[in-house]
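Chemist: Using the hints, build the complex out of the two chains.
Going down the list, the protein sequences come from chains A and B.
Each residue of the first sequence is one higher than the one before, counting from 1 in my numbering.
Each residue of the second sequence is one higher than the one before, counting from 1001 in my numbering.
Worth flagging that the hints you see were computed from the coordinates, not collected in a lab.
Among the clues, some could well be false.
As the list claims (entries may be wrong) - No farther apart than 30 angstroms at their CA atoms in a straight line, the calculated lysine-lysine pairs in the DSBU-like style are these: (1) B:K1091 <-> B:K1154; (2) B:K1728 <-> B:K1686; (3) B:K1124 <-> B:K1154; (4) B:K1730 <-> B:K1765; (5) B:K1765 <-> A:K88; (6) A:K88 <-> B:K1755; (7) B:K1448 <-> B:K1465; (8) B:K1733 <-> B:K1395; (9) B:K1591 <-> A:K204; (10) A:K236 <-> B:K1728; (11) B:K1665 <-> B:K1766; (12) A:K236 <-> B:K1383; (13) B:K1040 <-> B:K1308; (14) B:K1167 <-> B:K1131; (15) B:K1765 <-> B:K1733; (16) A:K188 <-> B:K1040; (17) B:K1042 <-> A:K177; (18) B:K1730 <-> A:K88; (19) A:K88 <-> B:K1501; (20) A:K177 <-> A:K204; (21) A:K88 <-> B:K1167; (22) B:K1728 <-> B:K1676; (23) A:K88 <-> B:K1131; (24) B:K1728 <-> B:K1741; (25) B:K1709 <-> A:K73; (26) A:K198 <-> B:K1154; (27) B:K1131 <-> B:K1091; (28) B:K1173 <-> B:K1084; (29) B:K1133 <-> B:K1118; (30) A:K204 <-> B:K1427; (31) B:K1709 <-> A:K129; (32) A:K177 <-> B:K1427; (33) B:K1591 <-> A:K198; (34) A:K198 <-> B:K1686; (35) B:K1040 <-> A:K88; (36) B:K1728 <-> A:K152.
These are the residues of each chain, in order.
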Amino acid sequence: MTMQSSLDIVARSATTTPSPSVRQGVEVAKLIDESKCIGCKACQVACSQWNELSDDIGTNVGVYDNPSDLTDKSWTLMRFTEVEDAAKGTMEWLIRKDGCMHCADPGCLKACPSPGAIIQYANGIVDFKQENCIGCGNCVTGCPFDIPRISKKDNKAYKCTLCSDRVSVGLEPACVKTCPTGAIVFGKKEDMVSYGNKRAGELKERGFQNAGLYNPAGVGGTHVMYVLKHADTPEKYAGLPNDPSISPLVSLWKGTLKPLAVFAMIGAVVGGFFHYMKVGPVEEKEDEKESA
Amino acid sequence: MTNSWNDIKNADLVLIMGGNAAEAHPCGFKWVTEAMQHRKAKLVVVDPRFTRSAAVADYYAPIRVGTDIAFLAGVINYMLSNNKVHMEYVKAYTNATYLINPDFKFDNGLFAGYDEAKRTYADKSTWQYVKGKDGYVEVDDTMQAPNCVWQLMKQHYARYTPEMVTKICGTPKDAFLKVAEMIASTSTPDRAMTILYALGWTQHSVGSQNIRAMAMIQLLLGNMGRAGGGVNALRGHANVQGITDQCAYAEVLPGYLSAPTDADDTHAKYLETRTPKPLRPGSMNFPANFPKWSVSQRKAWFGDAANKDNDFAYDWLPKRDGAYDVLAMFERMFQGKMNGFICQGFNPIAAVPNKKKLGTALAKLKYLVIMDPLQTETAEFWKNFGEYNNVESEKIQTEVFRLPASCFAEDPGTFTSSGRVIQWHGKAIDPPGEAKTDREIMASLFMKLREMYAKEGGVFPEPIKALTWAYSNPTNPAPEEVLREINGRALADVLSPPDPKNPKEPPKVLVKAGEQLPGFGLLRDDGSTACGNWIYSGVWSQAGNNSARRDTSDPSGLGVYQNWGFAWPANRRILYNRASASPDGKPWDPKRRQIAWNGAAWAGSDVPDIAPALGPDSGAGPFIMTPEGTARLFAVGLMAEGPLPEHYEPFETPVSANLMNTNPKAVSNPAARVYKGDMEQFGTSKEFPYAATTYRLTEHFHYWTKNSKINAVTQPSQFVEIGEELAKDKGLKNGDMVKVKSNRGEIKATVVVTKRIKGLDCNGKKVHTVGIPIHWGFIGVANTGHLSNTLTPFVGDANSQTPEFKAFLVNIEKA
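Chain B extracted, bound-state conformation (with noise of 0.2 angstroms):
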């Protein structure tokens, strides 16, 4: 969340789409219920079924699924026709006035420099910035210029009339114009939309543009870094934003900081690759840090290791040779390129599309590892049960451990919650039996081996050798000592930089050795500060565990509650919130006061995402985390497959063409990562007429709560959804057993025949959504089901390669 949960009671229209908060979310929902009983807020949930949310929603609008991109850029081209733009605050907050290089093109469903064969834009270079000789952006005041980003934006989404939009998504007109006009209205400073999203925008090939497609909007409508604003991630698990902060993934090491790759063979060129230079005048440019947040984590890792002569240990990083996601592992294990798998809090052949493949894969491998609290359908992949896991075990070789594990409240630590709000908790009971923590157990395979790199020598030893590991009990380190190394700390005195108006001054001393570090302002490149994940820098401070803090207090009313926990970064609660300001300093509206100039510095209710000193004369734009301290409209070389969002079909798609180009390349995604063999395994609409969303239920938690009574008796089976008129074509009634298949596979269920669910009207073909809830399996004590991933198909975002679980194609069938 760029806000948070307490945040969402001051918003005066609450959007809800690519989610469904109230069935996944029920607690932080009723932050949702504050903003419309006490502010008088009005709810809008766009979905393909009329969920739990739209329940309590006072305006709904069906969807096809995986049409968000078009719907949303009907919203913006409606915005930009009927003026409904906080034009000041697009001028000086975001890139619309930039100029782009006049080479770049869009034609045809395909941006300039796409790579056919490659499946990827292999030539950004013309997704770029005009710089000037001074190095900075050419800008066009007047937003006339036909390279600029403004006109570029203007002229991409006139292609999404409300027509189009209705074609595509099968909204009706009049539902998507109201919506349209409802978001609209919040582009005065008066009012502030926020959206709340989940899964139901990231699980698609086009998931992260789902979300670029809605920051669009909210800049245009001035409500980034607004209370009341912002972009909503609605997190699944309660600590699943802490495992992404301290890096869950490959791309990244903690703190978001890109790791390297095969082609940063020097300290200094992955340094340099990662240290930008300001992009416009008085930017604060803040990534230019990169150098001090990548040295003092490897000062933590290190400790005394890694020095200066070493390149602070840098040749001991691992560089990536590749992809290393979810699902480029189960390709490689399926390929039979991996030989071992240890596998942490994770039920993969559950929770990672088609699980036929994933079985095949498990069974490739020597070893398998398992670490969890629960008995899971990965650890018993090997095993029979008839038509729900219909494997011979006799030819399956693979090993497998378990190390049974405590869940969280056998064990103190900290969660991280959507709102970034880092929360320390106590320890509830112990582990039951054998079991123990994660921390235990890993602590304890590091120490045996490194004893038998001493003992036994290999390859590389160095780094295991060397890792820092000073904790009280080597085996089982404390879940304090591990926050303590996390926020950082000083090595040596911190020093002020020289002040150039006194150069002969001597330095104060900000950090005296050994202390712990208030923030990640005091880190440095020079190895004299060690720190684990800059962006929580602060949470364990000299004045002790700030994630502990539990003050209710909140002068401000507006849900800051600055003394509760510690948000990261810097206890701030609320992202980019200079722009809750006008460029002069006040205020947009002085009713959510969040921070303000007061002459000499900026303050207020929330702690500055701006240096207190940089006025509004210094030309320094409240995002600080770009280059050129603005938000970016057009995302330049970043994104996967385009800087502007674009629809595109769901690999599985129930219509014929993509309305929006005739290229048979762009049909779908076509930066999308598809491996040899998924392809001929997508399904089409001959064989497979219905469009398919898997989701979850409120009564039950992934695959968890189907090992807890309670759960299991308050939604106790497997079922799919269907609406009244495809049961009616199907001759199904409400209750009947059916199968569901797609080209990967089949699964029963129990269906349930519901008003909810509308077939729409999509360029003239009725399109029949089926719905299918998660959760069931063949382990536990709910009544045993199909895992639902034995349909969906392997393949995910170009950019963050999440799964498309939310479309894709199904046929129904009387069981």
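Only chain A is shown next, with the shape it has when bound in the complex (with noise of 0.2 angstroms):
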């Protein structure tokens, strides 16, 4: 089993306040072979499972993804595609499974105006607390792999977790518990970057010249990688961008600007309150409604 890591916070959203720096803790990352996923879902029912989470029954819009995108209720979600290259007479169906990337440099808590919504573990995992979301979406902007869902019920943001509860006792996450083809592997994120390596080199001697491991720069690299059958082409895989990086106008608010958050921050407190007039209620009528 995988190592425990303790749940010390090392960023925390409009926060200026320092961190705890005792205790030594170990990075994790999962690391998702593309290679060796058949697109068998049991990740996406683990999810649901484990977080207990029941998406609504869609309907069939003509492919493979279903839910037919990430949801607040679906926080990971296979995407499919076909790429076919008729010159060289190859046809692939690529298959990724999406969700969060838990940057190293997360762009959703950059953004996040409101105190301890987004947090960032010693060990990587990025986690929204939901208690403290305003709702306001800046997540969803800051983020450049359009992971977090607003959720209609709520008004509050949702995304993978990296099961931060199963890891801080030493628990894998549970889509890597069930993957039946061991495509997903968690371990500590050293561990995860060589073993990414080794298999691109594998697939690399099985003729797949461009085998790489996804770890993007751009965002301080990934606590979720990817191995990578054409790592030179990202896009391929339903649109992963090659170079990721966090918006020009979330690193502006974040740097230069900071001391400007001080009076953004209140001003997010403020609208936090009006929010909670204005949606509160709303939660309790829908609630009322479920339990009638």
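Modeler: What follows is the structure, given as structure tokens:
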């Protein structure tokens, strides 16, 4: 099994107090080996079950991706892309498990104006604390991977937690536990990088010249990484960004304009208050409706 | 599987054809990824669709539905023409050198002995060996005789040139040759190929011959009995292997013991016709033990009431007077010749072809009993569900009884995996509500019937009265009791046979009366042993419940796991493993050493599939279940449609002719059974121009998981798949609602337009394929859909009667 890691928080949205630094945690990472993934969606199901999520039954819209997009109740999703090279006569059905990448430099956290709504643990996991979330949607804008989704039910942002609750007690994330082919593995980030590079080497031997590890530097590396057969063209995989980076607006917000952030924080608190006044009662109504 | 799930990791080449392992067997597929990563194995997929398996394959080749035999026959021809054959193996371990009746012939699509009126080979006398005066088959070791199997096979398959394969299958020639070359590369002793197949091969009117063609290839390559080799059927339910082993169909009794028919009027005749004589000197001829298995089975069933004086209750066994497969049953029902139907764990209105015919048949029953954990379409066949089941309920008089049953997790017991490993499992929770286990329901029914026979008498009460029923709770036998009974025990002391060297030596007691038997080797035909199913003997020995063993040690590293569960037969993990060694007893591949001759006995990492003392000089062949001891490239009299697999078109074919012959009687399988009225229901390519096939999706399990919300979320509603070219021709866009029609009905679904299905060029004609996933119906939490068997034809494989779900004709249009 995996190592246990502390829940020390090293970064907190819209907060200036220093982070704890006494304990020496290890950084963790999940590695998704696309070449072994058969798109069985067991990870989607495990994610829903562990996290007690029950998404709506949708419809088929002409593809295998179901639900058709990430939602507040579907935190991971298999995305299927058919790629044909007529010149070479090759056909590929690329399958990518989409979900939060847990960036080392998380755009969502930088963009978030609400204190403590987004945190980063020492182990690298980026987590949303819904009780602090004001539903402003800045995290959506700040994310270079288009991951967070705002719930219509409680107007709060949701995404993959990398099973921070499981990891903190030494368990691997639910998707890793359930993956039948060993396409998803979990461990220390350094081990995952070295295993990912080994797998990329093996895929090169198999004829995939451009195989490689996806651990993009533009966001400081990620704690969810892919082994891709075509690491030179990650866009092929349902638009995985080639060189993701945090929007300049978000960087500006956290960089030169940081002093202004303090004022914005005050604004956020006020905004949060009005948000509570507005959304709180709506939520109660929905609950009443459900229990009726 | 001849091999096991774990053994897939030992393969150098994994061929997936007639199945879609990644889609339908995602957990077992881990062993494919193991082989690919750690053994650098290559994965090849041959399928009408670019599947999830193809998505992770090294090479994919398309094929028209229902033409697998042409493809495989082409591979045989390629191997024979290019000397890609493991010749030492073939000469020693197959019947390649054996002589066949010189009058045997194959002419324009038909083998000798065909009776057109009966649609059957009434005279199979020429499909037989030439025997000498000693009773043994005559052989020609030079393999030059024109009537030896090798020459007959060569001649038969020379017709399947790469050009012919391309014309029939629509597989581009270079793709066919690439796959043939990859397969042929495993003919050397240091390489092995495994073939993984499932219903993509069985659900055809030529299903059994699809598999036989592959078995021939594996024999020619020397891959049978080898680690990383074998012919591996991936079973579709967690315990469908178990249910087959325990006799889920009428032709056999538990343990694949041939069931008696009307012709077997005496016990002596029954045993004699099933107890073969050896066909080659030294052959182990293991089926000669049939009387021990059969008598011990009846001792398990009837105890003291089965004895020498009454031929061990032979007269109490039912004698078949015809076919009782599922198609035959529904045909009887359709003709109004069946009053009642007990339907246990089965949803036939969804799972048997031609829904309309099935609904009509069910409506003719007086009563229908449903034992199922779920509400099923069959239980609701009488109810109107609009376009999905448009019946006039008031006209249906069938009385339906529903007995809620438990699910596997609500009851302890065993699963038998595809790899024949019997594994005990515990119970997780109690069944909900009024649900009872199937055992309790059946046992209660039986006790009630027995009571009624006792009180009211009745015709032929003896077998009911005498049936062994010594369970601690007669209306709810414990699964432990049943498994012990299946294993068998000694009813009297089991003695060693007389030693010919010391005839005066008193016999030894091998097993004491009352003890559990250690295996089928101790079974006797004198009534001193009882055993419910000989192949399972050993699963619950004196040592206890061996199916519950969970030892993960694997000293050989070959994934044998000898002390995990119990594999039938005799805890053997790879069947025919004697063939993993050369005739002189050395492993063909020392790196994958299974068993070897150590000078005195066979020994190794697996239980030897031969008597331990029968050394290389004994002449005993490795295929101990045939009287010749060798495997049959030529199947002598056993198959319905011929001793060598031959290409026949599906009953609904998109092409105008069978290119392998010009005989109108031999376009489709000439020996397949077609009932009156069903032939007329077959459609033609003029009206229904597109090839269609049905299949499963990884997100669902048959018609069960549409009752489960999480499965419905991942694949919510019914769809069909077509290629981009066909979509363009028909003016269809991705996501459009379409109607798919066959000559038997129509369904509506969303269309998925994909690059993964291509039109194939078959002898100048472009054949398009419509892919039809099953899984939807009018019961459950997933979006309501049409049962896909609304479309499928009521015809099956000529040997097993498995329905032809995988190749038929449809038309498609915008709804």
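Chemist: Look at each hint and say if it fits the structure.
Modeler: Here is how each hint holds up against the structure:
Distance hint between K1091 of chain B and K1154 of chain B is fulfilled; the C-alpha atoms sit about 15 angstroms from each other, no more than 30 angstroms. As the CA atoms of K1728 of chain B and K1686 of chain B are separated by approximately 20 angstroms, the hinted pair is consistent with the 30 angstroms bound. Between K1124 of chain B and K1154 of chain B, the direct Cα distance comes to roughly 21 angstroms. Compliance with the 30 angstroms bound is thereby established for this hinted pair. The hinted pair formed by K1730 of chain B and K1765 of chain B meets the criterion: a straight-line CA distance of about 17 angstroms does not exceed 30 angstroms.
A C-alpha spacing of about 24 angstroms is found between K1765 of chain B and K88 of chain A, which places the hinted pair at or below 30 angstroms, so the restraint holds. Proposed proximity of K88 of chain A and K1755 of chain B is supported: the alpha carbons are some 15 angstroms apart, at most 30 angstroms. With a C-alpha separation of about 12 angstroms, the suggested pair K1448 of chain B and K1465 of chain B falls inside the 30 angstroms cut-off, and the hint holds. Between K1733 of chain B and K1395 of chain B the alpha-carbon distance is near 41 angstroms, which puts this suggested pair outside the 30 angstroms criterion.
A hinted pair counts as satisfied when its Cα atoms are at most 30 angstroms apart, and K1591 of chain B with K204 of chain A qualifies at roughly 26 angstroms. With a C-alpha separation of about 24 angstroms, the suggested pairing of K236 of chain A with K1728 of chain B holds against the 30 angstroms cut-off. For the hint pairing K1665 of chain B with K1766 of chain B, the CA-to-CA distance comes to about 25 angstroms; that is within 30 angstroms, so the pair holds. Between the alpha carbons of K236 of chain A and K1383 of chain B the distance comes to roughly 48 angstroms, so the proposed pair goes past 30 angstroms and is violated.
With a C-alpha separation of about 59 angstroms, the suggested pair K1040 of chain B and K1308 of chain B falls outside the 30 angstroms cut-off, and the hint is violated. This hinted pair does not check out: K1167 of chain B and K1131 of chain B have alpha carbons roughly 40 angstroms apart, beyond 30 angstroms. With a C-alpha separation of about 24 angstroms, the suggested pair K1765 of chain B and K1733 of chain B falls inside the 30 angstroms cut-off, and the hint holds. For the hint linking K188 of chain A to K1040 of chain B, the alpha-carbon distance of about 26 angstroms falls within 30 angstroms, and the restraint holds.
Between K1042 of chain B and K177 of chain A the alpha-carbon distance is near 26 angstroms, which keeps this suggested pair within the 30 angstroms criterion. For the proposed pair K1730 of chain B and K88 of chain A, the alpha carbon gap of about 28 angstroms is at most 30 angstroms, so the pair holds. Between K88 of chain A and K1501 of chain B the alpha-carbon distance is near 73 angstroms, which puts this suggested pair outside the 30 angstroms criterion. Between K177 of chain A and K204 of chain A the alpha-carbon distance is near 27 angstroms, which keeps this suggested pair within the 30 angstroms criterion.
Our distance criterion of 30 angstroms between C-alpha atoms is met by K88 of chain A and K1167 of chain B, whose separation comes to about 23 angstroms. Using a Cα cut-off of 30 angstroms, the hinted pair K1728 of chain B and K1676 of chain B is violated, with the two alpha carbons roughly 39 angstroms apart. With a CA separation close to 56 angstroms, the supplied pair K88 of chain A and K1131 of chain B exceeds the 30 angstroms bound. Between K1728 of chain B and K1741 of chain B the alpha-carbon distance is near 19 angstroms, which keeps this suggested pair within the 30 angstroms criterion.
Simply put, K1709 of chain B and K73 of chain A have alpha-carbon atoms about 13 angstroms apart, close enough for the 30 angstroms limit, and the pair holds. For the proposed pair K198 of chain A and K1154 of chain B, the alpha carbon gap of about 46 angstroms is over 30 angstroms, so the pair is violated. Restraint check for K1131 of chain B and K1091 of chain B: satisfied, since their Cα atoms lie roughly 18 angstroms apart, inside the 30 angstroms limit. Under the criterion of a C-alpha separation no larger than 30 angstroms, the hint pairing K1173 of chain B with K1084 of chain B is consistent with the structure, at around 19 angstroms.
Pair hint K1133 of chain B plus K1118 of chain B does not hold up; C-alpha atoms about 35 angstroms apart against a cutoff of 30 angstroms. The straight-line distance between the Cα atoms of K204 of chain A and K1427 of chain B is roughly 47 angstroms, outside the 30 angstroms bound, and the hint therefore fails. Restraint check for K1709 of chain B and K129 of chain A: satisfied, since their Cα atoms lie roughly 28 angstroms apart, inside the 30 angstroms limit. Between K177 of chain A and K1427 of chain B the CA atoms are separated by roughly 22 angstroms; this keeps the pair inside 30 angstroms, and the hint holds.
At most 30 angstroms may separate the alpha-carbon atoms for a hinted pair to count; K1591 of chain B and K198 of chain A meet this at roughly 25 angstroms. About 55 angstroms separates the Cα atoms of K198 of chain A and K1686 of chain B, which puts this hinted pair outside 30 angstroms; it is violated. The hinted pair formed by K1040 of chain B and K88 of chain A meets the criterion: a straight-line CA distance of about 24 angstroms does not exceed 30 angstroms. A distance of roughly 39 angstroms separates the Cα atoms of K1728 of chain B and K152 of chain A; the hinted pair therefore is violated under the 30 angstroms criterion.
Hint compliance for this structure: hints 8, 12, 13, 14, 19, 22, 23, 26, 29, 30, 34, 36 are not met, and every other hint is.
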